[in-house]
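Novice: All chains should be modelled from the sequences, with the hints used to inform the complete structure.
Last residue of the sequence shown: number 259 in this note's numbering, and the count goes up by one each step with no gaps.
Any given hint could turn out to be false.
Computed cross-link-like contacts, BS3-like style, restricted to lysine-lysine with a CA-CA straight-line distance of at most 30 Å [said to hold, decoys possible]:
1. Lys119 x Lys97
2. Lys17 x Lys97
3. Lys17 x Lys119
Read the hints as simulated data drawn from the structure, not as lab findings.
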Amino acid sequence: MDQYRHERRAMRHLPIKTLDEVDSTNDVALAAGRDGAPHGWAVAARRQTAGRGRRGHVWESPEGNLYLSVLLRPQVAPTRLPGLAAACGLGVLDGLKALGVANEAQLKWPNDLLARGRKLAGILVEVGRDGRGGAFAVCGVGVNVGGAPRDLGAIALAELAAGAAPSFTSLAEALRGGVVARVGSWASSGGDRPLDGVREAYLERLAWRGEEVVARSPDGSELARGTLETVDAWGRAVLLAPDGIRVPVSAEQASLRPA
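Specialist: Okay, structure coming up:
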């Protein structure tokens with residue numbers, strides 16, 4: 001947590017842009033990145049009217065939750081960029097831990113946070129280039145704070161914290177600090193593969209590891225079924241099929257569900 005505290009202090013000169021309502025915090029952050037905003041710049045909103053998730057899925061964004069986007073400029077080889085979502089997920093967990101909430105939360109491959117088997121948060125990483133051609137990324141995080149629709153299999157921090165959820169401002173600052181710190185340690189760890197520097201920590205918090213899961217394609221068809229054995233250094237979920245064959249699947253190919 002030393003890196004986390006260092007980043008929190010370093011970010012004090014860079015206040016988070018706060019909005020009551022916005023179409024999409026990721027769109028605001030992408031525009032800021034194209035205009036040259038610095039590493040760690042962030043925007044937070046209480047409500048989104050056009051939030052989105054992976055593959056363009058609609059992200060329900062009602063008032064009372066936190067929608068945060070953090071601008072990142074990690075100095076890494078392009079081959080490592082697919083590991084950024086894993087680093088961001090761990091950073092969100094670090095931020096929650098610093099506030100003493102949702103300590104039981106886990107990472108659902110490839111881009112969600114679960115608590116008590118229900119969705120607590122979603123993460124969307126998008127990339128862009130600024131006017132000088134410099135690459136940057138935006139880590140968008142949507143966290144259920146005040147409430148979550150049970151019919152969508154979700155859970156909120158208020159339920160986990162027995163009604164004592166952190167304030168909007170303290171949560172936004174903690175998550176920004178966690179993401180920036182974890183991405184910084186990932187970027188400086190070296191290695192050539194996407195998850196080098198974070199894979200061990202990622203596996204420690206991986207939901208459904210050792211359990212039976214189904215990998216489904218974007219159209220809902222079943223691609224593979226088996227025990228979730230690991231996530232490899234390239235960020236692929238590896239399923240051990242009933243016939244003993246190991247089947248790697250990428251985030252572009254599939255998402256996982258309990259069998």
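Novice: Next, verify each hint and record whether it holds.
Specialist: Against the structure, the hints:
| no. | hint | in the structure |
| --- | --- | --- |
| 1 | Lys119 x Lys97 | holds, 17 Å |
| 2 | Lys17 x Lys97 | holds, 23 Å |
| 3 | Lys17 x Lys119 | holds, 26 Å |
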